[in-house]
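Peer 1: Residue numbers (our numbering), protein chains in the order written: chain A, 1 to 448; chain B, 1 to 448.
Calculated directly from the structure, the hints in this document are not laboratory data.
Fair warning: there could be bad hints in the mix.
[Unchecked claim] Result set (SDA-like, lysine to any residue): computed pairs, CA atoms no more than 20 Å apart in a straight line:
| # | chain 1 | residue 1 | chain 2 | residue 2 |
| --- | --- | --- | --- | --- |
| 1 | A | K378 | A | K51 |
| 2 | B | K72 | B | G58 |
| 3 | A | K232 | B | A309 |
| 4 | B | K72 | A | G58 |
| 5 | B | K415 | B | N399 |
| 6 | B | K149 | A | E243 |
| 7 | A | K244 | B | K149 |
| 8 | B | K149 | A | T227 |
| 9 | B | K232 | A | T312 |
| 10 | A | K232 | B | G58 |
| 11 | A | K149 | A | T312 |
| 12 | B | K30 | B | G254 |
| 13 | A | K51 | B | E175 |
| 14 | A | K149 | B | T227 |
| 15 | A | K295 | A | E321 |
| 16 | A | K232 | A | T248 |
| 17 | B | K51 | B | E321 |
| 18 | A | K378 | A | N399 |
| 19 | A | K51 | B | E246 |
| 20 | A | K232 | B | H145 |
[As the list claims (entries may be wrong)] Over 10 Å on every C-beta distance to chain B, these chain A residues come out as not near it, computed from the model:
| # | residue |
| --- | --- |
| 21 | S22 |
| 22 | G48 |
| 23 | R144 |
| 24 | K216 |
| 25 | T220 |
| 26 | A228 |
| 27 | A255 |
| 28 | L339 |
| 29 | V393 |
[Unchecked claim] Under 7 Å between C-beta atoms, here's a sample of chain B residues computed to sit facing chain A:
| # | residue |
| --- | --- |
| 30 | L53 |
| 31 | A186 |
| 32 | V193 |
| 33 | Q194 |
| 34 | E198 |
| 35 | F222 |
| 36 | G224 |
| 37 | L420 |
| 38 | G424 |
Glycine included, every Cβ here is placed at the ideal spot set by N, Cα and C.
Number of protein chains: 2
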Amino acid sequence: MNIQELTSGLAQSVRSSRPEASIEAMREAKKGLLDFTAASFAGRNDSGVEKLLNLIEGEGGVPIAPLIGQGKKASPSQSALLNGFIAHALDFDDVHSDVRGHPSAVILPALIASAAARRDGGRFLGAYIVGVEVMARLGESIGRHHYEKGWHNTGTLGAIAAACAIGYAEELSQEELERAIGFAAAQAGGMRVQFGTEMKPLHAGLAAQSALFAVKLAQTGFGGSHTALDGKQGFFSLYGDLEKAESTFLSNWGAPWRIVQPGLWFKIYPFCSAAHHAADAIRKLVVQHGISAGKTDRIEVVFPPGGDAALTERQPETGEEGRFSVEYVIALALHGRELTAAGHFNNEPIPQNIQAYLPRIHRIYDAEIQPDPQAVPKGRFTIVRVFLSDGRVYEARVNCPMGAPGNGLSEEDIKEKLQLALQGDERKAASLVTAIEQADIQSYLSHI
Amino acid sequence: MNIQELTSGLAQSVRSSRPEASIEAMREAKKGLLDFTAASFAGRNDSGVEKLLNLIEGEGGVPIAPLIGQGKKASPSQSALLNGFIAHALDFDDVHSDVRGHPSAVILPALIASAAARRDGGRFLGAYIVGVEVMARLGESIGRHHYEKGWHNTGTLGAIAAACAIGYAEELSQEELERAIGFAAAQAGGMRVQFGTEMKPLHAGLAAQSALFAVKLAQTGFGGSHTALDGKQGFFSLYGDLEKAESTFLSNWGAPWRIVQPGLWFKIYPFCSAAHHAADAIRKLVVQHGISAGKTDRIEVVFPPGGDAALTERQPETGEEGRFSVEYVIALALHGRELTAAGHFNNEPIPQNIQAYLPRIHRIYDAEIQPDPQAVPKGRFTIVRVFLSDGRVYEARVNCPMGAPGNGLSEEDIKEKLQLALQGDERKAASLVTAIEQADIQSYLSHI
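Whenever a hint applies, use it, and build me the whole structure from the sequences.
Peer 2: Here it is as structure tokens:
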């Protein structure tokens, strides 16, 4: 294949994929769907949901696609938007280190909105595996500067990935899929300045909605570029690094599938994954040494340079902003709060005593410290160092936090996450688990 | 004002605007609305319209906002999308040299979809003036590299401008407008690789739709950044040039209004404005010297470097692609075709004899030639040089094409454009003209 033909090459790779033949990939896809469902039910009552529901109800539309946890339906486009928001509302959904963002919160809402999924769902899990593959490769090929510059990868990469996923589910022709990729690319957007606000999770919903629209445009014969990822004015040139993409984007497709290796990272905490290393470290110190806020003078949090780029809030005022604050997470733990509880991360003001504590926590960057070869994400670590008032100093280092691949949640852990999210509705939890285990998408859709 | 506060400064400027007090600006706004209406009716039967209508009808929605020339209504969001497409479908709508794109095809569909416009329309024309002001300033401040890199300014700048226009019409608070600007910025997209396809005009519709959604999110209290244009990770940094924006974006707001100076450019030809200089030049040569395709060996078209960036097609295969081909435009004129006729620019194949003629036409770039101080756009010109088979050589230079500010269409010319677009339905044309002259937006909306 001509390395310059990224768009047609992507369409070919997607169309010739047979992910259903991989037992491992299918197992991970089922875990991914289970975790997505847990994260979505946990976020179903977020205050943003009602606002979006009001807008959707004002617009009207044919109610044929489910809205997770709402007990009602909406148009496919509206369901893609709202389900993407719900899945990502608490930042409790999976991340993927190649993506540097949230694949399932875009891809699965897009698939749930697709006519093929509603019709029979036969290619649903395969399409999800393909979508993760595309999004991981986009994330890797777009280059690290993309995120660091200020783009929100979930938004900017999600629409193309989800369009490929739907394209696989609906068996688009080569020609249709090339155009769908272009339609999605032309709608790519999302900015990290929205982190800590309701707009951040809505980026996931917008990307899912754009993907669905892209596929529908392609299916209706709407005219568009067949080469939107390619060349000096294409997607990679505009948003990232064309040269890198030409050398890496499509090599070794599905070998192994990216949903397996490096794999999805399922969260045990409802906040940004970049603070999970520190969360594990401080919990360990609290348990081992019985330390608490009152006994500490100063906390240092050591990152490799850039390792805290997603943690945009140093002095958050609400729990929602606190999802992006390592200071807030550490302060919560030192005040005896349970970091797994979503209630600390809603849009209520942060208690005065915790806000007052935040300035004691200092970020340090150290380029000399060697990352662990097994670190997740690659090259990342966090060291938390606590200076007690009595002169003692303790520290803990975490290279691979709980939930991350290599230290991952078991299927049982994820089922527990789902039960917790469903607040004890065990019957519903059991129905969902069974539907996912049996890959019965019709049954799954009828229970969300 | 702190020059770094571009978002709050923009919101302040929009909210404190009183464009209705400027007789000149209001006159230009009425001309702009008239020309937009003409371009839209001319494009109402474009083949893309039916495809989009099918998608819209499949989605359903409360039909309360008009679809231009369709005799039916749709949801506000759907009307913003489709009307934006219709207005820009033929590339027959106005451009603005500061924008380097199409302001009215985004701003007016967004305003037509706004609840305030449907309720009374009192601030409609003022809001349009404000929208053009914002889009012109965004275009100037984002820097020329934005377009040259491959972004489509109509899409990338349109959503923010149109959100400000609706924000003015609906009298958003400072705080709401800041968030609306951020919601629009986070949806900014559009790529020049889509030029010559149906997706190009859809960028206008998508920007209008994003603007409407941005304002609705703001009104419903949805949380978002108040500073999305600012700082190292804000809109200007991501898409353009923050430093330039900080020194130019908000200075001398409305003095004069950009809709007056440099003013909108109303097209007499239904193709990309970058080919209008050459169109005027070749028509002049044909009339003065009676030349035609059969008598010519070679044609040279001389541009300043980059002056043909929008003209992406050198060997177009359809009339639609031909909208972005100076070669096609010149070849048409030399084959005796009327360049003002939209029929040459639809998605039919280009006749074989005209395709075969295109390779005789050569582009040349000359950085030595002095642009005329009155040139439109600034720094632009085109020279067409014809080498006849009998050895004679003729040339014509155009600095400011017909329709451009300084050589603009009169109100009568635009009325004629409307009548032509309405194919002789003089009663409808008269109703629309009267409604616009009287700034009676209710009546206007009932006649489109």
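Peer 1: Work down the list of hints and note, for each, if the structure agrees.
Peer 2: Cross-check of the supplied hints:
At most 20 Å may separate the alpha-carbon atoms for a hinted pair to count; K378 (chain A) and K51 (chain A) exceed this at roughly 38 Å. With a C-alpha separation of about 15 Å, the suggested pair K72 (chain B) and G58 (chain B) falls inside the 20 Å cut-off, and the hint holds. Taking the CA atoms of K232 (chain A) and A309 (chain B), the gap is near 13 Å; set against the 20 Å cutoff, the hint holds. Distance check on the hinted pair: K72 (chain B) and G58 (chain A) sit about 19 Å apart at the alpha-carbon level, within 20 Å; holds.
Taking the CA atoms of K415 (chain B) and N399 (chain B), the gap is near 25 Å; set against the 20 Å cutoff, the hint is violated. A threshold of 20 Å between alpha carbons decides the hint, and for K149 (chain B) with E243 (chain A) the separation of about 16 Å falls inside it, so the pair holds. The straight-line distance between the Cα atoms of K244 (chain A) and K149 (chain B) is roughly 18 Å, inside the 20 Å bound, and the hint therefore holds. Between the alpha carbons of K149 (chain B) and T227 (chain A) the distance comes to roughly 16 Å, so the proposed pair stays at or under 20 Å and holds.
A distance of roughly 13 Å separates the Cα atoms of K232 (chain B) and T312 (chain A); the hinted pair therefore holds under the 20 Å criterion. Between K232 (chain A) and G58 (chain B) the CA atoms are separated by roughly 37 Å; this puts the pair beyond 20 Å, and the hint is violated. A distance of roughly 13 Å separates the Cα atoms of K149 (chain A) and T312 (chain A); the hinted pair therefore holds under the 20 Å criterion. For the proposed pair K30 (chain B) and G254 (chain B), the alpha carbon gap of about 17 Å is at most 20 Å, so the pair holds.
For the hint pairing K51 (chain A) with E175 (chain B), the CA-to-CA distance comes to about 17 Å; that is within 20 Å, so the pair holds. Proposed proximity of K149 (chain A) and T227 (chain B) is supported: the alpha carbons are some 16 Å apart, at most 20 Å. Distance hint between K295 (chain A) and E321 (chain A) is unfulfilled; the C-alpha atoms sit about 26 Å from each other, more than 20 Å. Distance restraint check for K232 (chain A) and T248 (chain A): the Cα-Cα separation of roughly 17 Å lies within the 20 Å cut-off, and the hinted pair is therefore satisfied.
Between the alpha carbons of K51 (chain B) and E321 (chain B) the distance comes to roughly 19 Å, so the proposed pair stays at or under 20 Å and holds. Proposed proximity of K378 (chain A) and N399 (chain A) is supported: the alpha carbons are some 9 Å apart, at most 20 Å. Between K51 (chain A) and E246 (chain B) the alpha-carbon distance is near 34 Å, which puts this suggested pair outside the 20 Å criterion. Note on K232 (chain A) and H145 (chain B): the hinted pairing holds, with a Cα-Cα distance of about 13 Å set against a maximum of 20 Å.
With a cut of 10 Å on Cβ distances, S22 (chain A) stays outside the contact zone with chain B, its closest approach being about 34 Å. Against chain B, the non-interface label of G48 (chain A) is violated: not every CB pair exceeds 10 Å, the least being about 6 Å. At roughly 14 Å, the least C-beta separation between R144 (chain A) and chain B is larger than 10 Å, which holds for a residue marked as non-interface. The beta carbon of K216 (chain A) is not kept farther than 10 Å from every beta carbon of chain B, the shortest such distance being approximately 5 Å.
At roughly 4 Å from the closest C-beta of chain B, the C-beta of T220 (chain A) falls inside 10 Å, breaking its exclusion from the interface. With a closest Cβ-Cβ approach of about 5 Å to chain B, A228 (chain A) is found to fall inside the 10 Å limit, against its non-interface label. The non-interface label for A255 (chain A) is consistent with chain B: the shortest C-beta to C-beta separation is roughly 30 Å, beyond 10 Å. The beta carbon of L339 (chain A) sits about 23 Å from the closest Cβ of chain B, which is more than 10 Å, so the claim that it is off the interface holds.
Look at V393 (chain A): its CB is around 35 Å from the nearest CB on chain B, clear of 10 Å, so calling it non-interface holds up. At about 10 Å, the closest approach between the beta carbon of L53 (chain B) and any beta carbon in chain A exceeds 7 Å, and the interface hint on this residue is violated. Because the beta carbon of A186 (chain B) sits about 5 Å from the nearest beta carbon in chain A, less than 7 Å, this interface hint is met. With its C-beta approaching chain A no nearer than about 5 Å, V193 (chain B) sits inside the 7 Å limit, and its interface hint holds.
At its closest, the beta carbon of Q194 (chain B) sits 5 Å from a beta carbon of chain A; the interface hint therefore holds under the 7 Å criterion. Because the beta carbon of E198 (chain B) sits about 4 Å from the nearest beta carbon in chain A, less than 7 Å, this interface hint is met. Hint status for F222 (chain B) relative to chain A: holds, with the closest Cβ pair at about 5 Å, below 7 Å. Of the supplied interface hints, the one on G224 (chain B) holds, with its beta-carbon coming within about 4 Å of a beta-carbon of chain A, less than 7 Å.
Contact between L420 (chain B) and chain A, as hinted, is not supported at the beta carbon level, the nearest pair being about 25 Å apart and thus beyond 7 Å. Given hint, G424 (chain B) at the interface with chain A, is violated; its Cβ is 30 Å from that chain's nearest Cβ, farther than 7 Å.
Violated hints, in rising order: 1, 5, 10, 15, 19, 22, 24, 25, 26, 30, 37, 38; the structure is consistent with all others.
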